[in-house]
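Novice: In case you want the letters, here they are:
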Amino acid sequence: MTESPVIIRRSSAPQAQAPKEFNFKPDIIEDGSFYQMYRKQAWEYYQALKFPTVKDDAWRWTDISKLPVESFKLESDNHVVRIPDELMEPVADATHGGEILLDGEHRQVNLNPELESAGVVFTDLKDGLARYPQIAEKILGKVIDPKEEKFGALAAAMASSGVMLYVPKGVNVSTPLHSLLWMSGPYEASFSHLLVYLDEGSSATYVHESSSPVEDATPGFHSGIMEIFVGAGAHLRFVELQSFGENVWNFMHERVKVDNGGEVEWIFGALGSHLTKNFSELDLIGKGSTGKMSGFYFSQHKQHLDYDTQQNHLAPNTTSDLLFKGALLDESRSVWQGMIYVARNATKSDGYQANRNLVLSEGARADSIPGLEILTDDVRCTHGATVGKVDPEELFYLESRGLGSKDAERMIVEGFFEPIMQRIPFEGVRKRFQQAIEQKMNEVVNS
Amino acid sequence: MAELQIKDLCVSIEGKQILNGVNLTVPQGEVHAIMGPNGTGKSTLAYTLMGHPAYTVTGGEARYKGKNLFDLNPAERSHLGIFLAFQYPVAIPGVTVANFLRTAVNAHRKAANPEDKGIPIPEFRKILKEKMEMLKMDQNFAGRYLNDGFSGGEKKRTEVLQMAMLKPEIAILDETDSGLDIDALKVVSEGVNMLRGSDLGVIVITHYQRLLNYIKPDVVHIMMDGKIVESGGPDLALHLEEHGYEWVREKYENGVSSL
Ligand SMILES: Nc1ncnc2c1ncn2[C@@H]1O[C@H](COP(=O)(O)OP(=O)(O)OP(=O)(O)O)[C@@H](O)[C@H]1O
Ligand SMILES: [Mg+2]
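Keeping their order, the protein sequence lines are chains A and B.
Residues 1 to 447 (this note's numbering) make up the first sequence, in order.
Residues 1 to 259 (this note's numbering) make up the second sequence, in order.
No wet-lab data here; the hints were simulated from the structure.
Hints may contain errors.
Claimed, not checked - Partial selection, computed: residues in chain A whose CB lies under 7 Å from chain B: (1) Gly261; (2) Glu263; (3) Glu265; (4) Cys381; (5) Val390; (6) Phe396; (7) Ser400; (8) Leu403; (9) Glu409; (10) Glu418.
What you are looking at is a predicted structure, and each value in this text was computed from that prediction instead of being measured.
For each residue, glycine too, the CB sits at the ideal point set by N, CA and C.
Please take these sequences and the hints and turn them into a complete structure.
Specialist: Structure representation (structure tokens):
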């Protein structure tokens, strides 16, 4: 692959226009409960915050002025399209330890009885809040403050679906947990809140997917918030897959806090949505904690994917390692803005970030903006960002061995993604990504 | 037996004429060596025969089995039996040698028979292992990314491995000997010799007579200024080794000016 230095092009300043207003409100119940107070507060923050525009730094590359806010309705029961079977298949192992379906008003929860008797909680948000308020209080609003950002505040106030996962001290959940959020109504607005708490020395593998029908023509809206805490010595493997239809505007605010010696392996797969703005933050708050973030994205048509990642080293001897790789077709766009922050006390820390993009069509564009902010000596931080094209010499080499030009290009793309595949310990997830590559490359008519 | 017939081939790159009427016929079963000073167009000939898009054919043709190669894309030429061992093989990061070779073998099978379901994996593994042993390659190369971080000699060996797997009818070896140590040269030449037979025609491009001690040519050609200017038996290479190109240049230039 030919790699060229990242050139940041600024087009003429777009209009800093903000969308209008949604025509719904949260139905907050004044029961004085912890959760309702949290929602009320979040709603106040939401109202106080302005919609971001391209004048805001974090939104410089992502223009939401055309978000048709007035047309969205709250998700209803009229979910018309059934969940495709393949989305229900285990991707992290042969079987599930637990499974949650969030399909509008319809929720379905399964948890292996052995895990349940070990004290593991894996249930939908409403049920979790009702039955385990003490767990909710440990984490709700503790990882992400709803006032940080407008869409996060909205999700916090509105969320009617979501997941609560709690793993008690020392418990190892060896079979993966799987949850699926499915949107399928026309003009649906959906809000989700994920709460994950791994207590000291525990471990779990958890796969969460957000999806909707591919062929939906009317716009959809999703805003989500994910609060994840990995306790001392705990180990979380978390896979988040996003396969919304290309009609969905998707806004995510997610953060993982890792305590002393804890470890998170965080895998992102983005295949869908019309537009995604994703804030993903890793807070290494405990000594010796580590986090590995691996991102796969492949955009096409007019998709726009914007990933904003933060690796915050807030304690000594912490390690972070981020690799995001993306390919772009047609007139799609991707943005990656990454930041490694090393606090004054985070000595002997090691931070790495790299973003690599393969632009496959003339009309596609990738922007890649790495960043470092280091307040102490005695650390090691490396970063790299590249935007490249398929090297014609590589294509010719493969073609000269009998591969058709499409197959040759696909092989180069597969090779490009291989370093990400290597970081994904789940055959099923890798397969999903490989299928996505194949399907998207097959769609290419020109080149 | 089919033969590759190159007639009056003229080729330019970026508007610059490089080949000025190359004539060459290589039948299956024969080995032809092409020697010549740097920059005379040997690689240009090789790339053009394989269909590199940077080279423009401005005249002449190259026929094999009733087809003009220049009507075919590189993959189709490969299916027809043409193979080029690159002077500078390209790295394909993230694609293993084994995965690549299996895809290439299957592309050939599919071209021969559209119904083909692909080579069974155990059979493929067995053949690959055999060929790697023949070329004294460590088996772990199968799992390495194609040419990625390979040493010069390892790349050349991998080119011959590809040739062994794809079983071409006309193979062009462009300086496959350069970058090889003496032992490797022997191994690689032996590999080529094992592939030699009545159905393999070879064009060996080299600067060194030494290779031709191992891969004995039937005909030796000298290329100069984009033309084949002299052809002869194996002793022509020995003569070059001893006397260099000066005499050829003199003879050729005089020949030209006398026209
Ligand atoms: N991409 C290119 N752009 C411009 N000129 C080129 C290009 N490729 C080859 N040439 C020129 O064409 C001429 C012939 O090159 P070619 O590689 O065919 O020579 P060669 O006989 O193989 O030389 P060597 O023995 O050094 O390998 C040289 O003058 C070279 O500079
Ligand atoms: Mg050459």
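Novice: Any hints from earlier that this structure breaks? Give me their numbers in increasing order, please.
Specialist: 1, 2, 3, 4, 5, 9
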